[in-house]
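Number of protein chains: 2
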Amino acid sequence: MKIAMLGTGMVGRTLAGKLDELGHDVVIGTRDPAGTLARTGRDMQGSPPFTDWHQAHAAVRLASFADAAAHGELIVNATAGVASLAALEAAGADALAGKVIMDVSNALDFSHGMPPTLAVANTDSVAEQIQHAYPAARVVKALNTVSSMVMTDPGHIPGGHVVFIAGDDDQAKATVRGLLGEFGWAADTIIDLGGVRLARGPEMYMLLWLSLWGALGTPDFNIAVHRS
Amino acid sequence: MKIAMLGTGMVGRTLAGKLDELGHDVVIGTRDPAGTLARTGRDMQGSPPFTDWHQAHAAVRLASFADAAAHGELIVNATAGVASLAALEAAGADALAGKVIMDVSNALDFSHGMPPTLAVANTDSVAEQIQHAYPAARVVKALNTVSSMVMTDPGHIPGGHVVFIAGDDDQAKATVRGLLGEFGWAADTIIDLGGVRLARGPEMYMLLWLSLWGALGTPDFNIAVHRS
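Read top to bottom, the protein sequences are chains A and B. Just so you know, we're using our numbering here: the first sequence kicks off at 99 and counts up by one. Just so you know, we're using our numbering here: the second sequence kicks off at 99 and counts up by one.
Chain A on its own, in the form it takes in the complex (with noise of 0.2 Å):
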């Protein structure tokens, strides 16, 4: 499949890759490809340049937010979810109408110091920004409730851990499933939520998720679902 990376990232990079590695045409884009491509140190996320990194995969190409959206048929939108809606405004609604746009952000606030907060929460989430400001595309939430390690490899996790979907278009979230199955999620292990508005769940659970980060002194780790 054609598919367009928002952010450059590690989740970016990290869900670029895997996605190339499984054969799909993956154009990764940026708000400035020139100044990612020109920049050698490490980034405020202590990230080595993204130079480094598509090295190691040149088939995915790097381009403008437009371009890149243009060229996909499914969009991940793995930007920081602080920045979403200025990166899908610069992709151009256009390049969105119709298109399954898989949200994986946080919207992560480092302005009130650490532990971060959510700039968007409980009344409204990222995801449903999202579908709000383009109706036209087809939103699910998916995948940010764990590292990108954990995201493109489950099985480095032992046991049954679970992801989430919500989104209100049954087809996009269809198309959603069958990538995750491809990075190996088990059909039994991608929980379906149900509407868009039901993203504000796994969103929120991103305080949580730091916390047990700071607890377990590890970010690959998930959760699992045990009932009676």
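No wet-lab data here; the hints were simulated from the structure. Each residue gets a CB set at the ideal place from its N, CA and C atoms; glycine is no exception. Treat the hints loosely; a few may be bogus.
[Unchecked claim] Which stretches of chain B does chain A cover? Using the computed rule of at least three CB atoms under 8 Å from a CB of chain A, they are:
#1 213-222
#2 256-262
#3 299-306
#4 317-326
[What the hints assert, rightly or not] Partner residues are not named here, just some residues of chain A that face chain B (Cβ under 10 Å, in silico):
#5 D150
#6 A154
#7 H155
#8 A156
#9 L216
#10 I255
#11 R298
#12 G299
#13 M302
#14 A322
With chain A fixed as given, assemble chain B onto it according to the hints.
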């Protein structure tokens, strides 16, 4: 131990009944004891009248918030999160000073329709509000992430599923750990997230918990944490 259970809803009843069975000396506190005893129909949550429950738990005395708090060496806040500060104000700062307050509340706000939002979230939590209002008390967030049945009978759900504690006072957390152990929570299933500020994680998890209730069709489930 002498325990004050603030709140006569399903959570307060279930916890009070279990603590009574375990041999603790429990007084259950409410705003208006006479009114609570006079009620004959089901309440807004569909719970049967308090008197039905009380007949089976006659050793648990019903009292005002103030009388219950004065009795308790440990206070359990099982009131609705949106009413907790008012309940504790009725209990009185003197009756709370120095004591452990185990806060199991969730600040569900149904005023915007279903599914509910939270009245407090993201930049604050009920547990923090209580700790700030009563600095001489020692607040520990606990058990708010599971149904009352799971709180008091974790063995009903298979596997090593977990609960979270958060609070600034290590001794208070040890006391709460002890109570949770009496309920059946093994030591390695109680995850200490850190200070009271980190109560935001388990409180914000409530929206995902509600969505999971919807998806699973039962509130009697819980999450386990798997790591590599």
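Hint validity - A:R298 Cβ closer than 10 Å to any chain B Cβ: holds (5 Å)
Restraint outcome when A:L216 is required to lie within 10 Å of chain B by C-beta distance: holds (5 Å)
Verdict on chain A covering the stretch 213-222 of chain B, criterion of 3 CB contacts below 8 Å: The restraint on the stretch 213-222 of chain B holds, since 6 of its residues have a Cβ under 8 Å from chain A and three suffice.
Interface hint compliance - A:A156 to chain B, C-beta minimum distance less than 10 Å: Status violated, d = 29 Å.
When the least beta-carbon distance from A:D150 to chain B is tested against 10 Å, hint result: violated (24 Å)
Given coverage of the stretch 299-306 of chain B by chain A, tested with a Cβ cutoff of 8 Å and a minimum of 3 residues: Three-residue rule met by the stretch 299-306 of chain B, so holds; n is 6.
Outcome, coverage hint (the stretch 256-262 of chain B, chain A; C-beta under 8 Å; three residues): Per the Cβ count (4), the hint holds.
Per-residue hint verdict: A:M302, partner chain B, C-beta under 10 Å: holds (4 Å)
Evaluation of the interface hint that places A:I255 against chain B, nearest CB under 10 Å: holds (5 Å)
Chain A over the stretch 317-326 of chain B, status - at least 3 residues with CB closer than 8 Å: Three-residue rule met by the stretch 317-326 of chain B, so holds; n is 9.
Hinted contact A:H155 with chain B - closest CB pair below 10 Å: violated (24 Å)
Interface restraint verdict for A:A154 against chain B (beta-carbon cut-off 10 Å): With a closest approach of 23 Å, the A:A154 hint is violated.
Checked against the numbered hints given earlier, this structure breaks hints 5, 6, 7 and 8; the rest are met.
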